[in-house]
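Chemist: This is what each chain is made of:
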Amino acid sequence: MKSEVVKKVVKTIKVNLDKCNGCRACEMACSAFHAEPKYSSINPARSRIRVVTDPLNDEYVPIRATDYTKAGCDGRRVYTINGKEYSECSFCGTICPTRDLFKDPDSGLPLKCDLCNNDPPLEEPMCVQACSLDALTYEETEEEEIEELKLDEMEIGLKSLIDKYGLQKLADSFARMSQKG
Amino acid sequence: MRYAETGYNLEIDLSRGNIEKVETDPKLMENYLGGQGVAAKILWDRVPPGTDPFSPDNLLIFSAGLLHGTPVPGCNRTAVNTFSPQTNLLAHSLMGGFFGPELKHAGYDRIVIKGKAPDLVYLWINNDKVEIRDATHLRGKGTHETARLIREELKEPYAQVAAIGLAGENRVYTASIEHGFSSAARGPGPVMGDKRLKAIAVRGTKDVYVAHPEELFQLCIELRKKIAESDDVGDWMAVDEDDSFHHNHFAWGNARTRQKNYWSKELQERWTRWKYDHMDRQVGCYNCPKKCVNVISWPGQKRFGYKCYGKDTYHMAAFKELDYSYQILGPAMEYGLDSYSTPQVLAFAVELYEAGILTDQDLPDFPSDSGERIRYLLEKVVRREGIGDILANGVYHAARQIGKGAEKYDHNTTKKFEQLPIKLGKLNPPYFLMIATGEKMAITQIEGSFPQDPIPDMEERLAFVKKWEVVLPDEKFKKYFLEWEKRHEISNEASCAITDWNEAMHYLDDSAGFCGFLSSFRGQFGGGVVYHINNMPYIISLATGMDLDKDGLWRIFQRNRNLVRALNVRRGLRREDERPPEDHWAVRDHEFEQKLLDDYYTFKGWTKDGIPTKETLDSLGLEYVSEDFLRRGILTGNESTPSKETPAQKDEELKSGGR
Ligand code: SF4
Ligand code: SF4
Ligand code: SF4
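Top to bottom, those sequences are chains V and R.
Numbering of the first sequence is given in the numbering used here, commencing with residue 1 and proceeding in unit increments.
Numbering of the second sequence is given in the numbering used here, commencing with residue 1 and proceeding in unit increments.
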């Protein structure tokens with residue numbers, strides 16, 4: 001993948017765990033915004049943000065889906081913060097095979113956060129708008145950075161299919177389907 | 001396509017191990033919305049009045065509200081309905097949290113459970129895959145422990161679980177069903193235990209659709225903002241540490257002792273420290289920006305959560321302080337006990353012991369410390385051990401089983417159910433009506449839109465009614481409130497209308513799924529609720545596509561109210577049962593009260609015995625109820641709605657054989 005130095009607006013969503021009440025409005029809103037057509041259905045299982053919740057451990061961690069990987073890590077590290085134990089996975093946004101997160105419930109394809117890429121752009125991403133408690137806040141900063149070309153959603157989907165079925169099988173199906181046209 | 005609702009019921013027969021997914025008639029939503037409204041209809045159709053609550057034929061229904069799973073914020077109250085072994089009437093029970101919305105996403109509006117499993121089981125609902133699974137390894141396990149073990153064994157960290165603890169398994173009448181930090185009380189706990197259903201776990205990954213998605217979504221962004229910013233919704237007790245109200249005004253022990261000057265600054269400081277030194281966080285329910293639940297980790301205890309007045313009941317029963325409740329709430333949550341009624345039952349036993357009605361034989365090694373006594377009794381009750389077996393039936397039944405004058409100590413029940421321990425001086429007429437005629441057993445489930453007391457200062461009164469501009473069903477309520485000077489002086493006409501409005505908002509919340517802290521319960525404090533009769537029709541229309549206006553919604557309330565009434569009437573509820581506790585107010589006037597009750601029945605279109613008339617029922621499309629009443633002789637056909645009755649008319653009716 002080629003990379004280059006560019007000046008760009010870096011968009012981030014900051015997460016303040018102390019402010020989260022575990023309501024999952026962010027999940028609801030993300031799923032609505034990404035429904036086709038927009039808002040036509042609600043389904044937190046299709047959200048690109050999930051709140052990892054363990055009430056008895058007082059654990060409420062909203063994580064956004066970042067990158068897709070075909071191999072999961074062992075995820076066995078355990079962190080203790082303020083006397084509470086968190087598994088490594090609680091903070092990880094990777095779409096990986098070891099857990100049932102950020103996969104479309106019907107197709108199994110990965111769901112990645114696109115920061116609500118939209119035309120015209122939203123003032124704030126939808127999950128941030130839905131979070132009335134400021135557990136999620138949106139920030140734009142201008143930075144110079146070396147940018148790797150990021151894969152878009154369709155490419156990620158294809159990549160996961162390649163990982164699952166192998167390139168040859170996928171190419172065969174592709175050819176077959178295009179013939180049927 | 002069905003909007004807002006999924007259009008499917010999940011029917012479970014635990015005796016036969018049968019599981020069915022059944023499509024529902026869209027008319028049910030049009031007539032009863034969903035939640036408790038539709039549950040009442042199902043209970044009417046399928047549970048004959050003679051059915052014992054502990055019979056396999058009794059149904060236990062978990063209902064999502066109509067708007068659960070839509071973007072409407074703060075819609076998450078799951079209704080649990082059945083017939084209660086304690087009252088032999090409809091059990092009205094609600095829990096917040098995440099269960100109802102998850103059920104919707106699994107593809108169901110409600111779970112209808114009948115029969116009795118041969119041994120302890122739990123239900124696992126994973127979208128279309130539904131299983132009845134063995135739960136014998138969970139026997140005796142705490143409610144949260146059960147939830148954790150089920151999630152682990154299913155490898156489903158996102159499953160939502162509702163479970164009973166030891167109390168429910170042992171059919172303790174005050175047992176609750178616990179889900180997260182929410183709980184469903186007042187009847188369904190012991191029925192779930194009787195059906196040998198330890199828990200229900202549900203996971204749903206399906207879409208929920210609404211009729212006008214974009215409009216509804218945009219409206220919900222505004223509503224959520226309003227909810228987050230307003231002090232007039234949510235539980236103010238989560239942030240207001242001055243709890244002099246409950247401690248100075250409610251009665252301690254067995255709803256007996258007032259401590260009018262109990263609260264002090266020094267006490268408040270100590271309690272506030274206890275709370276904040278041990279509070280991890282405040283959390284909310286699905287899709288709601290409020291933070292009503294205080295999550296506490298007290299040394300040596302499991303984390304627990306509480307809301308509202310729930311933190312006061314144990315220490316007030318035991319004449320102790322907040323730290324006492326903090327020590328007992330965790331274990332009580334794991335046992336699955338209702339924190340409103342249970343402490344009263346325990347304090348009742350302490351009184352009987354002090355009166356010599358219960359002795360050391362009944363209570364071997366009974367401790368002398370008041371706190372230790374409550375704890376001792378709690379352990380006996382959840383296990384139904386010794387005297388606990390009797391106390392587990394609640395104050396009313398226990399008093400009669402114990403005898404020897406114990407009946408006298410049952411002074412705070414109505415319809416066999418423990419009431420809030422409020423003992424006041426002069427009568428509050430709307431409250432008389434609500435406690436007497438309420439079908440939901442606890443006043444917090446009936447009161448709420450109109451304030452409890454007049455506001456002495458006229459300026460403040462005016463400021464209060466100003467917020468009513470948007471929420472009022474009718475301008476007359478403003479007048480009632482502005483003219484209200486003394487609590488006991490208010491016209492019967494006003495008392496009836498106020499009771500009606502208060503009821504209306506609860507009935508609508510309980511069928512659509514709104515939380516009472518955003519609506520029905522909260523209007524009395526502050527006046528500016530987010531959900532009210534004027535915006536509910538629009539919200540429900542956007543979600544469902546129904547053409548619904550204010551009058552239409554009000555009619556649905558009336559239909560549901562009368563149907564619930566009818567369910568209980570058919571099981572024997574009559575005027576003589578509609579009595580608030582004798583000592584609820586010190587000054588009583590029997591004649592006035594009975595006239596007020598007459599007026600209320602007339603207002604509602606009920607007979608002098610509190611039975612909805614044929615005319616009332618038929619006008620609401622409840623002909624199947626009036627026909628049943630006539631067949632059973634509950635109505636004779638000669639009743640008329642008293643309000644419209646003039647002597648001349650009466651003659652006419654008699655001539656024509658009545659209506
Ligand atoms: S909307 Fe905000 S407060 Fe609610 S769960 Fe998401 S991050 Fe937490
Ligand atoms: S930024 Fe947009 S896409 Fe990303 S998690 Fe939030 S709502 Fe979803
Ligand atoms: S107002 Fe409070 S109790 Fe009601 S839904 Fe919101 S967080 Fe839950």
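Source of the hints: derived by calculation from the structure; they are not laboratory data.
There may be inaccurate statements among the hints.
Said to hold, decoys possible - Away from chain R, derived, C-beta distances all over 12 angstroms, residues of chain V:
1) 100
2) 114
3) 117
Unchecked claim - Computed footprint of chain V on chain R, listed as stretches where at least three residues anywhere in the stretch have a Cβ under 8 angstroms from a Cβ of chain V:
4) 378–392
5) 462–474
6) 537–548
Note that the structure is predicted; figures quoted are calculated from it, not measured.
Note that beta-carbon positions come from the ideal geometry of N, C-alpha and C, so glycine has one too.
Chemist: None of the hints should be skipped; say for each whether it holds.
Modeler: Comparing the hints with the structure gives:
Not every C-beta of chain R lies more than 12 angstroms from that of residue 100(V), the closest at about 8 angstroms, which undercuts listing it as non-interface. No Cβ of chain R comes within 12 angstroms of the Cβ of residue 114(V); the nearest lies about 18 angstroms off, and the non-interface call holds. For residue 117(V), the condition that its CB be more than 12 angstroms from all CB atoms of chain R holds, with the nearest at approximately 18 angstroms. Closer than 8 angstroms: that is the beta-carbon criterion, and the stretch 378–392 of chain R has 0 residues meeting it against chain V, so the requirement of 3 is violated.
As drawn, the stretch 462–474 of chain R meets chain V at 0 residues by the rule of a beta-carbon pair under 8 angstroms; below three, the given contact is violated. Evaluation of the coverage hint for the stretch 537–548 of chain R: breached, as 0 residues show C-beta separations to chain V shorter than 8 angstroms, against a requirement of three.
Figure legend: structure checked against the earlier numbered hints; hints not met, in rising order: 1, 4, 5 and 6.
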